[in-house]
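Protein chains in written order, with my numbering: chain A, 519 to 919; chain B, 4 to 256.
Simulated from the structure, these hints should not be mistaken for lab results. It should be emphasised that the depicted structure is a prediction, and the values quoted were computed from it without experimental measurement. All residues carry an ideal CB built from backbone N, CA and C; glycine is no exception. Please note: incorrect hints may appear among the correct ones.
Stated by the list, open to error - Using C-beta positions, here's what the derived DEER-type ranges look like:
#1 Gly112(B) <-> Phe874(A): 37 to 43 Å
#2 Ser153(B) <-> Ile645(A): 34 to 40 Å
#3 Gly897(A) <-> His134(B): 35 to 41 Å
#4 Phe845(A) <-> Thr121(B): 57 to 63 Å
#5 Leu142(B) <-> Phe874(A): 38 to 44 Å
#6 Gly640(A) <-> Leu142(B): 32 to 38 Å
#7 Gly640(A) <-> Ile129(B): 43 to 49 Å
To be verified - Footprint (simulated), chain A over chain B, 3 or more residues, beta carbon under 8 Å:
#8 79-91
#9 103-112
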Amino acid sequence: MLGLNKRDTSFLAVVIALTAFTPFLMQPFAEGSAMAQFNGGYPDLMQRVAIFGIFAIGFNILFGLTGYLSFGHAAFLGVGSYSAVWMFKLLSMNIIPGIILAVIMSGFFALLIGYISLRRSGIYFSILTLAFAQMSYNLAYSVLTPLTNGETGLQIRPNDPRILDSADSAQYTNLFGLQMSSSYKLEIGSHLFTFNVGFYVCALIAIIAFYISLRIFRSPFGMMLRAVKSNQQRMSYTGLNPRPYTLAAFVISGMYAGLAGGLLASMDPLAGAERMQWTVGGEVVIMTILGGAGTLLGPVLGAGAIKYLENIFSKINENVLHGWFSFLPEGMQEGTVWLFSRFTGEGWHLTLGLLFMLVVTFLPGGLVEGGKRIAGLFGRKPKSDGDDAEHHPKHTPHVAE
Amino acid sequence: MGILEVKNINKRFGGLQALGDVNLSIEENTVHAIIGPNGAGKSTLLNVLVGKLIPDTGSVMFDGQSVLGRKPHEINQMGISRVFQTPEIFGDLTVMENVMIPCFARRDGAFRIHAFETVAQERDIIDEAEHMLEDVNMLENRDMHAAALSRGDKRRLEMAMCLVQKPRLLLLDEPTAGMARADTNNTIDLLKHIRDTRDITMAIIEHDMHVVFSLAERITVLAQGTPLVEDTPENIKGHPKVQEAYLGQQAQE
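Throw the hints in and build the complete structure from the sequences for me.
Listed below in structure tokens is the structure:
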């Protein structure tokens, strides 16, 4: 079905099911219970998981397959956001034109930056992309203020032209009238589940993005991209030109990033330069490696894990900690709360760093490898065959030589 | 007129004349060995032939077309394949994929975005690659990671990757360098099998005399960057100039 073999079709079906039931899966605890703060099933978080999932899926096509490590993909995310908001200002609050322009513009930028950066490989390539991203960030912040509205960020205003919308039409982002921020709440016992329009739009696009990536992984083109990572010398002596293959992967991943940026703006119509900062580009690298670079599902898992943990850990402030450790004697309570508060709330990046170090050291294949090892412990055979290189990535250095 | 015509090639590296007035003609469907002592310019000559080095003067014509100034992948697309001293294969990919890639390269050219085709449905390519693997006796390794192969099998795989493209000229750079005797003999048998079953021209750079005399139909002796003599293996063995430049050296050791 859909040009996939049986195993991939069921794989895709599982992914679709997981995505569709995210509002349940991320909301496992009853409202008002002590564990309720670990619930992640609210629209903003679910949207972010889907959007950063798209970002990471695209990044994985470049990094996971060709081994070229880009630190500059935040630039394309930003370009996507700005393009989408401009469409909301000029054409329509319907998200379709915004998303289309976001993908086109980021693809164009990726072609430009990729063409120059791919003259080098390895660490030099990474540094070049990093430099371009920082350049874009600074341009958006200063010189390009007429386009980007500088540090305030680009926002929609009531008096924007919006030539496709009628004068009395709504001032919120929508898909043919369906408001992105509207939600349907379902109460089952003490559980509360939220079904948000914006999330399901992102989820649908994420599934399409995942399907495209699956097709690329299984295609001759995907095989060529893995050949780029493996041995470029052999590739050119086999009559293949590695450069355009890598550039194509770079542009595709840039378009994925632009799509993610456009969706971010569609959920919340505002674009700021901070979306282009290199830390955002670093985050997607961490997501991909944490989940498992070069695997199909890994990047999505990584994006989900990081966005979930980020939200949960940031919420645990000192008051919450005091509540938890109130059973301890006064002096010990202070000490314990002080220690834990370093790793939560504002300090959650410390936890992320530790987690990343642990995964890279003990699970070089990321969460996907972890899942496989657990499956192995229970004596179950892994889902996929041994001859499948994507599901069994070898732990070669991630960066192309 | 040979399939490969090398005329008046000169190449200098600073003060070193690596190649001086090299003229060489390789006839179609022959096995032509280029031998010479260390530093004779064999590898330099090979690098000129595959587009890695550009000579200072002279011309290299393959089947009437100049190869100079072309990129390695363009030269390959003209019909020249190369086997390296240390096997160059796609270590992270399976043996089967290693052989399928050259099939795609021959069918689709140097670059094509075939992102919405599925490898598993490319029946012709799969059949072709399987036949090739059968031919070099590696079909049982098809799902192995290429990096896990033994040294001899890596060489065999690299050979298969070159042959599946049906090149008109196969360049071999010391195909048995660093191999144990048994592996060397296997490689010689494989090359003989290739020579006897296909219409293919081979140019072998080698300094293992055993390999050269078991395979070659013509031999060019290179010394100090210049071809000394070109002849059949029988005549080369007894040639006084060759003895002096090359074989003589070995006799003294």
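Structure-based check of all given hints:
no. : hint                                : in the structure
1   : Gly112(B) <-> Phe874(A): 37 to 43 Å : holds (42 Å)
2   : Ser153(B) <-> Ile645(A): 34 to 40 Å : holds (39 Å)
3   : Gly897(A) <-> His134(B): 35 to 41 Å : holds (39 Å)
4   : Phe845(A) <-> Thr121(B): 57 to 63 Å : holds (59 Å)
5   : Leu142(B) <-> Phe874(A): 38 to 44 Å : holds (43 Å)
6   : Gly640(A) <-> Leu142(B): 32 to 38 Å : holds (36 Å)
7   : Gly640(A) <-> Ile129(B): 43 to 49 Å : violated (34 Å)
8   : 79-91                               : holds (count 6)
9   : 103-112                             : holds (count 8)
Hint compliance for this structure: hint 7 is the single one not met.
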